[in-house]
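Q: First to last, the protein sequences are chains A and B. Residue numbers for the first sequence follow the numbering used here, so the first one is 1 and each next one is one higher. Residue numbers for the second sequence follow the numbering used here, so the first one is 576 and each next one is one higher.
Keep in mind that the hints were calculated from the coordinates and are not lab data. Take the hints with a grain of salt, since some may be wrong.
Said to hold, decoys possible - Heads up, simulated SDA-like pairs for lysine to any residue below, C-alpha to C-alpha not over 25 Å straight-line:
| hint | chain 1 | residue 1 | chain 2 | residue 2 |
| --- | --- | --- | --- | --- |
| 1 | B | Lys817 | B | Arg697 |
| 2 | A | Lys487 | B | Lys817 |
| 3 | A | Lys476 | A | Glu426 |
| 4 | A | Lys476 | B | Arg802 |
| 5 | B | Lys807 | B | Arg786 |
| 6 | A | Lys487 | B | Gly606 |
| 7 | A | Lys487 | B | Phe666 |
| 8 | A | Lys476 | A | Ala461 |
| 9 | B | Lys817 | B | Leu702 |
| 10 | A | Lys476 | A | Glu373 |
| 11 | B | Lys817 | B | Ile882 |
| 12 | A | Lys476 | B | Ser618 |
| 13 | A | Lys476 | A | Phe367 |
| 14 | A | Lys487 | B | Leu702 |
| 15 | B | Lys817 | B | Val859 |
| 16 | B | Lys648 | A | Ala376 |
| 17 | B | Lys817 | B | Phe837 |
| 18 | A | Lys487 | A | Ala331 |
| 19 | A | Lys476 | A | Leu109 |
| 20 | A | Lys476 | B | Ala613 |
| 21 | A | Lys476 | A | Ala441 |
| 22 | B | Lys817 | B | Val796 |
| 23 | A | Lys487 | B | Val796 |
| 24 | A | Lys487 | B | Ala888 |
| 25 | B | Lys648 | B | Ile882 |
| 26 | A | Lys487 | A | Gln432 |
| 27 | A | Lys476 | A | Ala518 |
| 28 | A | Lys476 | A | Gln490 |
| 29 | A | Lys476 | A | Ala331 |
| 30 | B | Lys817 | B | Ala888 |
| 31 | B | Lys648 | A | Ala55 |
| 32 | A | Lys476 | A | Ala376 |
| 33 | B | Lys648 | A | Met38 |
| 34 | B | Lys648 | B | Ser618 |
| 35 | B | Lys807 | B | Lys817 |
| 36 | B | Lys648 | A | Leu109 |
| 37 | B | Lys648 | B | Lys817 |
| 38 | A | Lys487 | A | Thr457 |
| 39 | A | Lys476 | A | Met38 |
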Amino acid sequence: MSRDLSDPTATRPLGVALLLALAVASCGDPDARAMSGMPEFCQNVLPSVEAHLAALPTPGGERYGGTAVVGGIGEIPDGMNSLVSADHGANQHQIFMNLMTLLRANGDLELEPYLARDWELNEDLTEVTFHLRDDVVWHDGEPTTAHDVEFTYLRATDPNTGFPNAAFWDHYVGGADGVEVLDEHTIRFRLTPHAELLDPWRSTAILPRHLLGDVPPDELRQHPFGTRCPVGNGPFVFQEHRQDESWSFVRNPGFPEELGGPPYLDRYVYRVIPEQTTLLTELLTETVDVYVAPLPDQTPQIEASEALELRAFPFRNYIFVGWNSRRPQLADPRVRRALTMGTDRAEIVEALFRGYGQVANAGVPPFHWAHHEGIADALPHDPDGAAALLEEAGWVDRNGDGVREDAEGNRLEVSIRFNSDRTRQEIAEIMQAQLSEIGVAVQPEVVEWATLVEQITSADARTFDGVVMGWVTEFKVDDHDLFHSTKSEQPYGWAGIGNDRLDVLLDTLQLVVDRSEALPLWHEYQELLVELQPYTYVAFPRRLAGVNRRLQGVEMDVRGEWVSVADWWIPADRR
Amino acid sequence: MTHLLRRLAGVIPLVLGIATIVFFVLSVAPGDPAALYAAPGVSPEALDQIRRNMGLDRPVHERYVLWMGDMLKGDFGVSFARGQPVRDVIFQILPNTLLLSFCAMVLAFTAGVLIGVLQAIRQNSALDGVLSVLSLFFYSMPSFWLAIMLILAFSLYARNVWGWPISFPASGMTSVDHAFMSPGAQLRDRLMHLVLPSASLALVLAGGIARYMRGSMLEVVRQDYIRTARAKGLPERTVILKHGLRNALVPVITLLGLYLPFLFSGAVFIETVFAWPGMGKLMVDAYFQRDYPVVMAGALIFAVIVILGNLIADLLYALVDPRIRYG
């Protein structure tokens, strides 16, 4: 027998109950939801972190207190798991906030001790020995030891982990043969001498062996440690992660005094605000203290506000148009040079980056010790010179239609692909307009990001002519994957230029330890890039940040936005 | 009840069919989930290993069987981009969408029905004209644009320019110090954060609902039983609210079934603009990142919600119209 739903007295409670269920489900307390959904690992780990923190004294002083809120457009992918992440924001939160690296860079980009108290290299540079601090503990109270460093190294060099930056240790002896724990706080690594050989220890945060030692390497990526309950040893303790919403950290009161002591802030919150107009509003209404990487268009509003200041500092990225030299019309380096000379890159920097940046000529950024100032004017904006180069290469407008042809009548047509990024689109459109004046027909083509990546990285599908892209370099610049002839069929060998001298330079530059010896080679390398023009290097944009003036002690430079986060403080009357 | 069970039983093959189609369409779409990690210095071997760790090295039919098997056991796999079980990701995100959709829906239907009824009983008056223009104005407005305008007016200008005593938060679900507030302040904080996003969604919907409601009400007030009600001396209020409204609501309830999926998927712009961590944005991000497990789970949930939306509409028909029976 079925119930007669036509009886209103019968259906009303049902309807109301449905709506109520919906409301209750929606309005449930998120804290309770978060706890009940916690993986077992976190339920075991978090109480010990709480107990450890509760036992530590709260530091006193007028600078201590307050919450700083940083807003950015993206999540922190892979969170605090340094072994599986390659994201800039994630790396910054790992190395400056929640975790520690063995070494850190000072303002002059020289390496200095951090988790390692000091280090020594043997005479032939085949061994490096680190002496670790003995006063650093994980946030659950366990001491940080050489075994943690060994564990991180073994996992990072284990192919099963899939550590994106495994190439950091290409010149180290991978696996157990390459590392030896001498005592609880001393560890030695074996390597072959190479350039910037200590740099990996600046950028890779150490992870706790006692928590992750039993996790199979290929399961590290999905382990709850990264995004649900990271346990670090850095100045900030993980407090909470709300998916796609926020990350919260609190002060680590036990952070060693010698390293700056506990941070001034009680709490730090990173908020994910994907829409940049909204993010600017939050900054202007002072509900967000730092807006990471605002659009250049938004800088006038930030500058106009008395409560805010605009920070512009050098960064490690550059924007370029990569040329596929396998395409017949782009095979001749003279054509590629002409495309660069026909483009007014200074105007692009002025118009699209509002002057926050400078024209690039090769992939070594201006802050880098190997940057070559001498090539600054090597390829100026010179439409006449560009036209002459094209004529020399055999491209002439034979039928008077405004587009050049070669001897066989093939038109000089070049498509430039980009994803739906507005700046990249505008670069392609500006090039279309400017290059038409020298008889080159440019066709801008927008392609969805994942599809574009597949089109350019899969060697058998490389039918593109040009692509607007950006790279973020490490402090140790290595273009091997981009331009070495043996990498031409690999994912990043887009340009496909094979050049013997370039190969030699790319190989040698990674092995020369002494910077003064390497510098002439670096200069030669950059000059050769100008000649070969695998890319039209467009710009080194400066990194921007909008910062509320109530936040003191904020230093931002090429090391990142978060480099001084442990020293940020808020005056008592503005908390 | 039999009707309900029969309807629910019919859902299962439908949902499985949708899941299968989505799985195979995704598997032929260009793009590579491991491309998130692709950069110079990341070796092809490392990328291959990342793919293996994601289980992408298996042939597509094998992945399908594994996925379907796990899914039937309630395991949706692990998100490629987030490194967390999909179940956990959805568990964190879905309630946010339910909250926003529910509030927007209540607001939209309350306002829409009210405006529609007002217009119908004052047909052809100046009020009718003004409300018609207003509802068409909101109905034809893109909700993300409306959202940005609301933020600029009620958040930025209200605080920084006009100096209003009250301004609304521009984004997020709660303030950063929410956890340290008293229960009363917490509730107020949540409501304040709900105002602009739910208004952005609701205003656009309410415009449409008002148009439907006006038409439907005008149809009803011309019926004989309304004349009868008036003739027997019932107050106008009772005539309209009890006899008229209830009958006029039937076609409007159809909209509930139609709008529910819109609120879940079409709210993506609103979620983005207001930094509201919801299902729409989760799905779009997951698609662009080729985070297949999340896309699959999301597609399933959407399918279920569309079907539930229609089911709720059916139940509500019976609630307002005693002539409708399900046996």
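Q: Confirm or reject each hint.
A: Hint check:
no.	hint	in the structure
1	B/Lys817 x B/Arg697	18 Å, holds
2	A/Lys487 x B/Lys817	77 Å, violated
3	A/Lys476 x A/Glu426	30 Å, violated
4	A/Lys476 x B/Arg802	86 Å, violated
5	B/Lys807 x B/Arg786	30 Å, violated
6	A/Lys487 x B/Gly606	21 Å, holds
7	A/Lys487 x B/Phe666	43 Å, violated
8	A/Lys476 x A/Ala461	31 Å, violated
9	B/Lys817 x B/Leu702	23 Å, holds
10	A/Lys476 x A/Glu373	18 Å, holds
11	B/Lys817 x B/Ile882	30 Å, violated
12	A/Lys476 x B/Ser618	16 Å, holds
13	A/Lys476 x A/Phe367	12 Å, holds
14	A/Lys487 x B/Leu702	72 Å, violated
15	B/Lys817 x B/Val859	44 Å, violated
16	B/Lys648 x A/Ala376	62 Å, violated
17	B/Lys817 x B/Phe837	30 Å, violated
18	A/Lys487 x A/Ala331	18 Å, holds
19	A/Lys476 x A/Leu109	11 Å, holds
20	A/Lys476 x B/Ala613	18 Å, holds
21	A/Lys476 x A/Ala441	38 Å, violated
22	B/Lys817 x B/Val796	12 Å, holds
23	A/Lys487 x B/Val796	78 Å, violated
24	A/Lys487 x B/Ala888	60 Å, violated
25	B/Lys648 x B/Ile882	21 Å, holds
26	A/Lys487 x A/Gln432	30 Å, violated
27	A/Lys476 x A/Ala518	13 Å, holds
28	A/Lys476 x A/Gln490	21 Å, holds
29	A/Lys476 x A/Ala331	30 Å, violated
30	B/Lys817 x B/Ala888	20 Å, holds
31	B/Lys648 x A/Ala55	43 Å, violated
32	A/Lys476 x A/Ala376	21 Å, holds
33	B/Lys648 x A/Met38	20 Å, holds
34	B/Lys648 x B/Ser618	36 Å, violated
35	B/Lys807 x B/Lys817	14 Å, holds
36	B/Lys648 x A/Leu109	53 Å, violated
37	B/Lys648 x B/Lys817	48 Å, violated
38	A/Lys487 x A/Thr457	12 Å, holds
39	A/Lys476 x A/Met38	39 Å, violated
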